[in-house]
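Novice: Spelled out, the chains give:
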Amino acid sequence: MFRMSRMRQLANLPSLHRPGLKTVALCCLLFLTGLSYAGMNVEFDRDRIEAGQEFRMFLVIPLQELPPDHGLPEITDLQGFDLKGVDSVDEKINTFFTGRMTVRKFRYTLVAPKVNGAYSLPMVWNVGGQQRSIGKIRIDVARSMDAPGLQVLLTPNKQNIYEGEQLTLTMTLLTYENFQGGLNLGSVDLGNDFVAHRADLSKLSFGRSQRPGVQSEVSAPIAWLAPIRSGALEVPELKFKYQKMGAPKMVNKQMGNFSFSSMTQGTEEATALSGKVRLKVQPLPLEGLPTQFTGLVGQYSFDAKVDKTQLQVGEALSMVITIRGNGKPGSIPDPVLPSFSEFRSVPPEADLQKTIENGQVWTKRTLKVFLYPKKKGTFTIPAFSYNWFDPKAKKYVVVESPTWQIQVEKGEITEAAATGGGAPLVYAGAEKRAIEQLGQDIRFIHEPTRIQNQFLRLYKSVLWWILLFVPLLILIPFRMWYSRYLANRSNRAYVRRERAMRILQERLIEIRELVANKEMRQFYAKLESLLIVFLGDLYNTELQGLTRQDLSANLAQHKVPAEDIARILQWLEDGDRARFAPIAVSEQDTMAILDQVQAMCNRLGRIVS
Amino acid sequence: MKAWLVILALLIVSASAAEANCEIQFRAGVEAYKNERYEESISQWNSCLQMGVRFGDLYFNLGNAYYRNGQIGQAIRHYHTAKKYMPTDPDVQANLEFAEMSMVDRTETTGAEENPVLKAIFNLHHALTVDAQWRLIVGLIWIFAILLAATWMIRHERLRFWLQIKMVAVAGLTGILALSVIAKIWEAETSSSAVIITRATDVMSGPGEKYQVLHELHEGTTVEVREQRDKWVSIRLGDQVAGFVSSDHIGMVE
Chain Z
1 MFRMSRMRQL ANLPSLHRPG LKTVALCCLL FLTGLSYAGM NVEFDRDRIE AGQEFRMFLV
61 IPLQELPPDH GLPEITDLQG FDLKGVDSVD EKINTFFTGR MTVRKFRYTL VAPKVNGAYS
121 LPMVWNVGGQ QRSIGKIRID VARSMDAPGL QVLLTPNKQN IYEGEQLTLT MTLLTYENFQ
181 GGLNLGSVDL GNDFVAHRAD LSKLSFGRSQ RPGVQSEVSA PIAWLAPIRS GALEVPELKF
241 KYQKMGAPKM VNKQMGNFSF SSMTQGTEEA TALSGKVRLK VQPLPLEGLP TQFTGLVGQY
301 SFDAKVDKTQ LQVGEALSMV ITIRGNGKPG SIPDPVLPSF SEFRSVPPEA DLQKTIENGQ
361 VWTKRTLKVF LYPKKKGTFT IPAFSYNWFD PKAKKYVVVE SPTWQIQVEK GEITEAAATG
421 GGAPLVYAGA EKRAIEQLGQ DIRFIHEPTR IQNQFLRLYK SVLWWILLFV PLLILIPFRM
481 WYSRYLANRS NRAYVRRERA MRILQERLIE IRELVANKEM RQFYAKLESL LIVFLGDLYN
541 TELQGLTRQD LSANLAQHKV PAEDIARILQ WLEDGDRARF APIAVSEQDT MAILDQVQAM
601 CNRLGRIVS
Chain V
1 MKAWLVILAL LIVSASAAEA NCEIQFRAGV EAYKNERYEE SISQWNSCLQ MGVRFGDLYF
61 NLGNAYYRNG QIGQAIRHYH TAKKYMPTDP DVQANLEFAE MSMVDRTETT GAEENPVLKA
121 IFNLHHALTV DAQWRLIVGL IWIFAILLAA TWMIRHERLR FWLQIKMVAV AGLTGILALS
181 VIAKIWEAET SSSAVIITRA TDVMSGPGEK YQVLHELHEG TTVEVREQRD KWVSIRLGDQ
241 VAGFVSSDHI GMVE
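Here the protein sequences come in this chain order: Z and V. In this text, residue positions in the first sequence follow this note's numbering: the first is 1, and each later residue adds one. In this text, residue positions in the second sequence follow this note's numbering: the first is 1, and each later residue adds one.
Misleading hints may appear alongside valid ones.
[Claimed, not checked] Using 27 Å as the maximum straight-line C-alpha spacing, the simulated DSS-like pairs for lysine-lysine come out as follows:
id, chain 1, residue 1, chain 2, residue 2
1, Z, Lys-158, Z, Lys-392
2, Z, Lys-460, V, Lys-84
3, Z, Lys-460, V, Lys-2
4, V, Lys-210, Z, Lys-158
5, V, Lys-184, Z, Lys-203
6, V, Lys-210, Z, Lys-239
7, V, Lys-210, Z, Lys-276
8, Z, Lys-241, V, Lys-34
9, Z, Lys-364, V, Lys-119
10, Z, Lys-460, Z, Lys-410
11, Z, Lys-364, Z, Lys-410
12, V, Lys-34, Z, Lys-374
13, V, Lys-231, Z, Lys-239
14, V, Lys-184, Z, Lys-460
15, V, Lys-34, Z, Lys-354
16, Z, Lys-280, V, Lys-210
17, V, Lys-34, Z, Lys-375
[Unchecked claim] Computed far set for chain V versus chain Z, every beta-carbon distance over 10 Å:
id, residue
18, Leu-10
19, Ser-47
20, His-156
21, Ser-234
Calculated from the structure, these hints are not laboratory results. This one's a predicted model, so the numbers in the text were calculated from it and none came from an experiment. Don't be surprised by glycine CBs; every beta carbon is placed ideally from N, CA and C.
Work out the full structure: start from the sequences and follow the hints.
Specialist: Given below as structure tokens:
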């Protein structure tokens, strides 16, 4: 402001020497040039002043420009700043234009207010006994980096409500300059005292805020609640997570032999809580409480109508009941329907819809009841009522449906069929399949004659897996046996050997019968035939017609033991002798011979096998 | 060996005892049902299930009792189970359709197969239970084995040729049944379904009350079960609805 006082002095010069416009501009230019190296400056001890932070402000005046007889410059309106102290000190400083010079620094120790924003502090200076205004000093107070970047407010539209009455809970989010995004609402726990309809928050978008210090804000309903009990209730606080700019930190780094420090500032996760919402819930008045009160509180509408009052047996009439209101969100109990004694009915079709209108949740329930007259005549569908509590009027509302007189004529379908038959019914304007189903009932239970456990998971039974693989287990050895069998069948020696053993038994039986029948003459002939055929088959050789010598050599060739050969030859010789000189051989002896023959043949058969 | 025989005998005896006990409960349940004491009939028939006895008629009757008792969700659930045991029973199908007419939620069903060949294959695939198909496969494998053995033994060329034709036919039929069984077993082991048994339930975005409510489903709606976490079950219904419901609010289809 010294600069301004000089300008006034220049302006008070006599008119003869009063400068023209060009001269004034030139002087201003010179003056401004002079300002670059002279005049009062305001300095701060930091680049950023945060709310609630202590800092120092310096008024720097070149010593040569200090007016005589001056006091300390004063801040006339602190506007929330806290002045801790004022002093002054003289310093030598280097400037670009004037080089080294001595300045006086008036040092003000201040604490910034808690609310961030731009402040202009007016200052005055007592010079020569006169208080002179030296202008305003602008100080921008920023939000502290430690302060939250997000503020959450929960506001109900009503603090006092009735039990069951709907209230809107509005959420307001305020972001500050250190908010860095990453907003995430965790679980929304509205407690156990409310029935809630939660809003769709996916389309929330922030807008610029008019509030001081607030960067952006958004406000929207978060839920519509209806308390389920009376008393002092609380909505628990909401918890938001977000990213915010952290406070700057000095970090020391080492690179080889060099160490240096640098200022870093990164983002960090923070949590914002909304605070609890306290409500006072009044119980519903007992006066006028209807019997079978539905529990609904709010503005409701009730409508019931039938689509026809004249029909035939076999046709159906539909009663449509519509209830709509802004009480408990998503919950409208069904009305108590009268007894349709003259009609058959099926379980009604029900539909529930919720819509948001004028900031409230409106629930609409539609009930469709289909009724089938049992017989011809005129019948009455009695009225039925519905009720709710109106909190605005502070009284219970009971409404009734009309009473309907239904005229039923005899139809093409017999009454018996209509009450339980399977004839399809026709109902214009409705789905034909649905109507074919309607008017019938579920089929009766089953009564099986025998109770038997059924398995749905047979593949988990080991027994069935065994049964599955048993054929394979049998086939493989069968195939092996059969191949061996076929191979043996094509082996002549094998075949003859098998036949030899088989025929041996048969022949021995035959001979024994001969002996038993005392037909001794044939004994030796049969014995010789037995031995020749058996030995020939056993060794796959031809022994018929051989001399005893050749026979002996042949048998020896087939490695028949010598004593067996001798015995065979002996029996054959005895046979020859008996042919020409019959000898009376006792039955006992013949049986003994046969036993020996059998034993020897079996032994030889085993050896060959 | 003797020990195994004893164990096998005990198993057979205990199974027979369970069936005998179940028969008493079952008949008592039928009497209660006829006298419109539906809760009692439900209790009697459920005791059969607790004894480990399961058969299609039991589930069908339970469905009827639940329906009469006003529990549409339980009724539909038991009809679905009965359908697994008796896939071609017309009563089960009729009652299931009738009960589903009471549902609040309407789901779009895909159109029926128009191609007659595919339709026939589809009907064949679903005509038999896994149990019945398994038995058929075992029988066909035995027949195949006998035919194969006969082919080895018979010398007559023409007869062998016809036997081989029959073997190919049996093998083909066995293969088709096996594929069908494998598909059913895979489906049974990897997927399961459940029915909403409460009047209404919220489908949450996570396994807990504190998550966002995504949808609301009503009694009787059949959903696909994906996994279970503690008291919450991950479900899916078509392409639009997926989330978690409380396990107290749904009944699994066995």
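Novice: Now, for every hint given, state plainly whether the structure supports it.
Specialist: A quick look at each hint next to the structure:
1. Lys-158/Z / Lys-392/Z: Given that 27 Å is the threshold and the Cα spacing comes to 13 Å, the pair holds.
2. Lys-460/Z / Lys-84/V: Holds, because 17 Å separates the two Cα atoms, which is no more than 27 Å.
3. Lys-460/Z / Lys-2/V: Given pair Lys-460/Z, Lys-2/V holds - Cα atoms ~25 Å apart, limit 27 Å.
4. Lys-210/V / Lys-158/Z: Answer holds: Lys-210/V to Lys-158/Z is near 24 Å, not above 27 Å.
5. Lys-184/V / Lys-203/Z: 44 Å, violated
6. Lys-210/V / Lys-239/Z: 12 Å, holds
7. Lys-210/V / Lys-276/Z: 16 Å, holds
8. Lys-241/Z / Lys-34/V: Roughly 61 Å between the alpha carbons, so the hint for Lys-241/Z and Lys-34/V is violated.
9. Lys-364/Z / Lys-119/V: Not satisfied, since the Cα-Cα distance of roughly 42 Å exceeds 27 Å.
10. Lys-460/Z / Lys-410/Z: Roughly 59 Å between the alpha carbons, so the hint for Lys-460/Z and Lys-410/Z is violated.
11. Lys-364/Z / Lys-410/Z: With a Cα-Cα distance of about 37 Å, the restraint between Lys-364/Z and Lys-410/Z is violated, given a limit of 27 Å.
12. Lys-34/V / Lys-374/Z: Distance ~23 Å between Lys-34/V and Lys-374/Z Cα, so the pair holds.
13. Lys-231/V / Lys-239/Z: Judged against 27 Å, a Cα distance of about 24 Å means the pair holds.
14. Lys-184/V / Lys-460/Z: 13 Å, holds
15. Lys-34/V / Lys-354/Z: 42 Å, violated
16. Lys-280/Z / Lys-210/V: Judged against 27 Å, a Cα distance of about 24 Å means the pair holds.
17. Lys-34/V / Lys-375/Z: 25 Å, holds
18. Leu-10: Check passes; 15 Å lies beyond 10 Å.
19. Ser-47: 13 Å, holds
20. His-156: Label holds. Min Cβ-Cβ 16 Å, cutoff 10 Å.
21. Ser-234: At about 17 Å from chain Z, Ser-234/V clears the 10 Å cut-off, so the statement holds.
Violated hints for the displayed structure, listed by number in ascending order: 5, 8, 9, 10, 11 and 15.
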